[in-house]
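Assemble the whole structure, with the sequences as input and the hints as a guide.
Its first residue numbered 6, the sequence shown is counted upward by one per residue in this note's numbering.
Don't read these hints as lab results, they were simulated from the structure. Any given hint might turn out to be false.
To be verified - Straight-line C-alpha distance at most 27 Å; calculated DSS-like pairs for lysine-lysine:
id	residue 1	residue 2
1	289	270
2	113	50
3	232	289
4	113	90
5	334	113
6	290	270
7	332	302
8	90	209
9	60	113
10	232	290
11	302	350
12	209	302
13	302	270
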Amino acid sequence: MARDCINLDYLIHNILSDPPDSGYAYKSILDSIADGVISLDLERKITSVNRAAEKLIGYSRTEVVGRYCHDVLHSDFCENNCPVKEALTSGCSVVNRECEMTDSHQHKVPISVTASVLRDNTGQVIGAVKTFRDLSSLFSTHEEERQDCCLEGIYSRSPLMHCLFEILPDLSASDATVLISGESGAGKELFARAIHRLSPRHAKPMVTINCGALPENLLEAEIFGTKRGAYTGAFEDRPGRLEQAQGGTLFLDEIGDLPLPLQVKLLRVLENREYQPLGATQLKKADVRFLAASNRKISTMVEEGSFRQDLYYRINVVSLTIPPLRKRKEDIPLLINLFIDQLNKEYHKKVSRFTRAALQPLINHDYPGNVRELHNLIEQIVVLAHDGEITPDQLPQHFQPHKLPDTSSRRGVPTAEELRSTLERFNGNRQLTAQEFAVDRTTIWRWIKRLKLEDCSSH
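Structure, rendered in structure tokens:
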């Protein structure tokens, strides 16, 4: 929870502002921090760096101490929009400013920078501290990095998905019937295709039929096929999906929508591996593997009497449940970058990436339509975007970040409603609220007291 988080900026400020006699202990603390930390004097010369900063910039402490910050980082903010210069001039923190720096190997690295002033025990400004976070994992589009997160065309960094990845090869090697459950758009068909491609039947076709897409009489003909003369207008034999999938895989999508009379016929096929086309007098062999999927809970349908229990046991030999996208948020940046590459080719665009500010609202969204909804959203954004980076103002209206008056420039007290809504958005966390208003935490405390909002804040 936000209220339990350590105030990192406060910790770093105290470490770097204290006397140097306990410097070894403080250095150990700074080296344990995952973000890069650089302290600077009033001339913006580097006075110290932690281990994470060394790793990110590609230089050792001895190589950078005493050098100007802009000679080391070479960021695109160094000349005109330096966050350290801004912090030293205003005396206030500059929070989460995105830019690109150049490391010692001349690689461009996207980072998020926060700059704060350093004061001694008397309150005198003695320098600044810059913390920065590597955003490469959010924006990476490198193919080799993607392949580490991919199994048969399914991309994921989620531990939930990787648990499924681990069992997929053994599951695919068998001929067991599999029931794949999950919400619409979560990727059930992708898993079915992965199972088929990894199976001994991969050289034969995988045939799909949506059990809810056709009325009962047409669905029966579509699955089992028809003989000439089976009904008015049947002028020739027509193979069904079972015959088309011979030797391969038949994927029964949305099997929960299969009418009860057809459930009986499908059960016979699963039990006897034989079927009878409409109008035929002879049985045919069904040499197919069955995969089924549903966005409904089949066990509940069995209890309600809308799905046969014996058929449920036949199709549920092995079950897979695909987690919804809202439970694997770490996949959203990966999928966005994948979709950008695909859509750039399709629409002849040159969109590079989403800025972090534009990416965060997309990560926060719950996606009731799952990956399908995310793809449609990114397609809309890419089609309407100019080439280059996607910024928050290019998002659809309902994804636009909540905008507050620029209190950092006027330094006035916000209205009670402005402060209350911001505190509620951050679950009462004063540090995050202070960052939003670009003021220090003490100022937030004073505003809360003045506006009598103690009931909606935490420490």
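Okay, the hints, checked on the actual structure:
no.: 1; hint: 289 / 270; in the structure: holds (13 Å)
no.: 2; hint: 113 / 50; in the structure: holds (22 Å)
no.: 3; hint: 232 / 289; in the structure: holds (12 Å)
no.: 4; hint: 113 / 90; in the structure: holds (22 Å)
no.: 5; hint: 334 / 113; in the structure: holds (26 Å)
no.: 6; hint: 290 / 270; in the structure: holds (14 Å)
no.: 7; hint: 332 / 302; in the structure: holds (18 Å)
no.: 8; hint: 90 / 209; in the structure: violated (65 Å)
no.: 9; hint: 60 / 113; in the structure: holds (14 Å)
no.: 10; hint: 232 / 290; in the structure: holds (16 Å)
no.: 11; hint: 302 / 350; in the structure: violated (38 Å)
no.: 12; hint: 209 / 302; in the structure: violated (30 Å)
no.: 13; hint: 302 / 270; in the structure: holds (21 Å)
Violated hints, listed in ascending order, are 8, 11, 12; each of the other numbered hints is respected by the structure.
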